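Protein chains in written order, with the numbering used here: chain A, 1 to 215; chain B, 1 to 215; chain C, 1 to 215; chain D, 1 to 215.
Incorrect hints may appear among the rest.
Footprint (simulated), chain D over chain C, 3 or more residues, beta carbon under 8 Å [stated by the list, open to error]: (1) 136 to 150; (2) 165 to 174; (3) 196 to 206.
Over 10 Å on every C-beta distance to chain D, these chain C residues come out as not near it, computed from the model [as the list claims (entries may be wrong)]: (4) 55; (5) 157; (6) 191; (7) 210; (8) 213.
Simulated from the structure, these hints should not be mistaken for laboratory data.
Since this is a predicted model, take the numbers as computed values, not measurements.
Here a beta-carbon is modelled for each residue, glycine too, at the ideal position from N, C-alpha and C.
Next come the chains, spelled out residue by residue.
Number of protein chains: 4
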Amino acid sequence: MTSIPSQSESAFAPTAAALATIARGFHARGWLLGTSGNLSTVVSRDPLQLAMSPSGVDKGELTAAQVLLIDEQGQMLSDHGAKPSDETLLHLQIVKDRQAGAVLHTHSVWNTILSDLYATQRGISIEGYEMLKGLDGVRTHEHREWLPIIDNSQDMTSLAQTISETLSRNPNAHGFLLQRHGLYSWGLDLQQAKRHIEILEFLLETLGRTLEVKR
Amino acid sequence: MTSIPSQSESAFAPTAAALATIARGFHARGWLLGTSGNLSTVVSRDPLQLAMSPSGVDKGELTAAQVLLIDEQGQMLSDHGAKPSDETLLHLQIVKDRQAGAVLHTHSVWNTILSDLYATQRGISIEGYEMLKGLDGVRTHEHREWLPIIDNSQDMTSLAQTISETLSRNPNAHGFLLQRHGLYSWGLDLQQAKRHIEILEFLLETLGRTLEVKR
Amino acid sequence: MTSIPSQSESAFAPTAAALATIARGFHARGWLLGTSGNLSTVVSRDPLQLAMSPSGVDKGELTAAQVLLIDEQGQMLSDHGAKPSDETLLHLQIVKDRQAGAVLHTHSVWNTILSDLYATQRGISIEGYEMLKGLDGVRTHEHREWLPIIDNSQDMTSLAQTISETLSRNPNAHGFLLQRHGLYSWGLDLQQAKRHIEILEFLLETLGRTLEVKR
Amino acid sequence: MTSIPSQSESAFAPTAAALATIARGFHARGWLLGTSGNLSTVVSRDPLQLAMSPSGVDKGELTAAQVLLIDEQGQMLSDHGAKPSDETLLHLQIVKDRQAGAVLHTHSVWNTILSDLYATQRGISIEGYEMLKGLDGVRTHEHREWLPIIDNSQDMTSLAQTISETLSRNPNAHGFLLQRHGLYSWGLDLQQAKRHIEILEFLLETLGRTLEVKR
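Looking at chain A on its own, in the form it has when it is part of the complex:
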């Protein structure tokens, strides 16, 4: 570590450990294979600092010591020889737009398939499931969740902009899909973000398998 304010330093170690535990669990479920996906948590709000999984690392073996500390420009404050993901900009955008305390991004088989299957509709409507009640602020299974689908891109600045506009147009959305890429969700803290990912992954698998059974 080079210059972590004392406020965030004390928060960093347990946060990094919790983030690594979630990464290993999601990898075991096949949601972060091949070093895909990334995870972040806010460690300090002012100045904004995130604990973030490094790029190109096996999430099934992620340790707290490998977790990076980055600032609000996505620059590293810790010195690991590792580097942050190009998608750091997307995490920062979501943190700012949603006042999120944590952002998680998974690549599951089912989120990949459904992000493609419903791409022309620009999103997926999920309605009538009890599991929706696990999403922050939802009180009944009669809730209708619109999960927007955004075109994939390698231009992170442009993609962050598109995401920001999408979030603005969908103020109640708890996540979004990048087409043939993966799922982003977030929460007030890491536990809530994990809960949201588990719920959205569950619902996407349920919708996908329902198509198989009903067709």
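Guided by the hints, dock chains B, C and D onto chain A, whose structure is given.
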């Protein structure tokens, strides 16, 4: 703990540990994702007291120390800062109607799909499988199990009443489904309730995949 | 233990431990849910004695201490308060007819589905897969394995007889299915029997999912 | 060990441990069932020496001590009582043709199914997925990966020759399938090879399940 009678106190610790172990195992199988589902066991019959998983807690990390003790009105006897699930009333209803020693409730992908697919038939008939013999009192695979499907609702008092009527009309049922919500099963004790859940989840997945293959 | 010959006594402890490890691993894969299935290994040939999983026990928590020692009539030589499965007779029949050193019986979703789907053909032909080479004596993927399907029954004496006749008519079979019930396989020892189960379960899942994709 | 040069001896122990860890993880995912599949890593380039998983061993219990050291003719330099797989020649061919540092070979349900379904097209085209960026040298999801399919054979000398020709015709391929047999991939080192296997397995499952959903 505030006021646990000595009788139940001695039973509570091992019961809470067993309940937490089952919760973590079911979470690993994807049956309790996103803090969904809940688990209870009778600790004392007179007065009626249940060990119960708290609301809103990650079942993949549930510890014995987090397990609540509740009375027959669903009020907490232990003081954790946690709170019991709204579905506590349903657990109490089943304990009373079936003289159950444990009640388990799972949200799996397959139970969600089949609870919806067969909703208009008000239940699922499962017949001819050897696995049925694992249900208490069943001696042959020629048994026919009727798994009732009940409309989902957020009104727990009304839902408890509907469940009670359904159990009364189906005295031999070992479980029931709430539509697009999940599976309830129970047993004389926690081990038997776990066995019943595993069997019903297995049979629902078998029926669901059979539809995929045969269609 | 009451009267184990010294020959088998020394072999019993490591065998029981190995058998319990396999049981827990198969339960994790969903092949022994709800206390279903059973596992046995020959501990002594003369007199014939088997280490065998007890009836009605959660295979996900099976310990070496729970494993029973039984004689060639299926009577218990150890005194646990547990009892052997009714299917002990089937294990003994296979041990005698095939000179098997171990017999394993699983209840998987895929073996249940395919045992039903192909029941009118009285078996499943599996041909052209490299995985077949893992079956004892098979040298090439061009091998054709015939996996017989036998009607399920609760009459164990009659079922043992049918199995014996089926094995006699299919001297090269490495396993068989009981309709809507499960898979039996065996091997010269526990390791080989485990290998055979893994291979047959893999091939049955491959055939089942191929039906889903090709339909 | 009999005659390991000191250079490779120091590299062998950690490499063997890493290889065994990957084997156990892939076995847990069902990619190496029934002793199928094999794994190798280059320990020394001059002379060429590989750490290699032994033939016929349960990959779910593979230990570092069981890993073999072999030379460039596929002969064992270590003395274990175990023997190298017949497919050692294929590993050596890939190491030479691709300057690979590690070669991994898996038998998954999905790679088996797709290797058969697309066999008449001699390969599978995978395009437009973000996951492709995890393959070495790929910078965008717009990449098109051609995964060649080669006829299965038990003649390893001939098969090694066919693989070499296929690699020569497809200089950018990151893996290939043997029909109804399995997937080969490789990398500069063991970590990269593991990443490539995870990505290709993910993409094959995604393609397979997309067929189920879209049909």
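Hints versus structure:
no.: 1; hint: 136 to 150; result: holds (count 3)
no.: 2; hint: 165 to 174; result: violated (count 0)
no.: 3; hint: 196 to 206; result: holds (count 7)
no.: 4; hint: 55; result: holds (27 Å)
no.: 5; hint: 157; result: holds (33 Å)
no.: 6; hint: 191; result: violated (7 Å)
no.: 7; hint: 210; result: violated (5 Å)
no.: 8; hint: 213; result: violated (5 Å)
The structure fails to meet hints 2, 6, 7, 8 from the earlier list, while all remaining hints are met.
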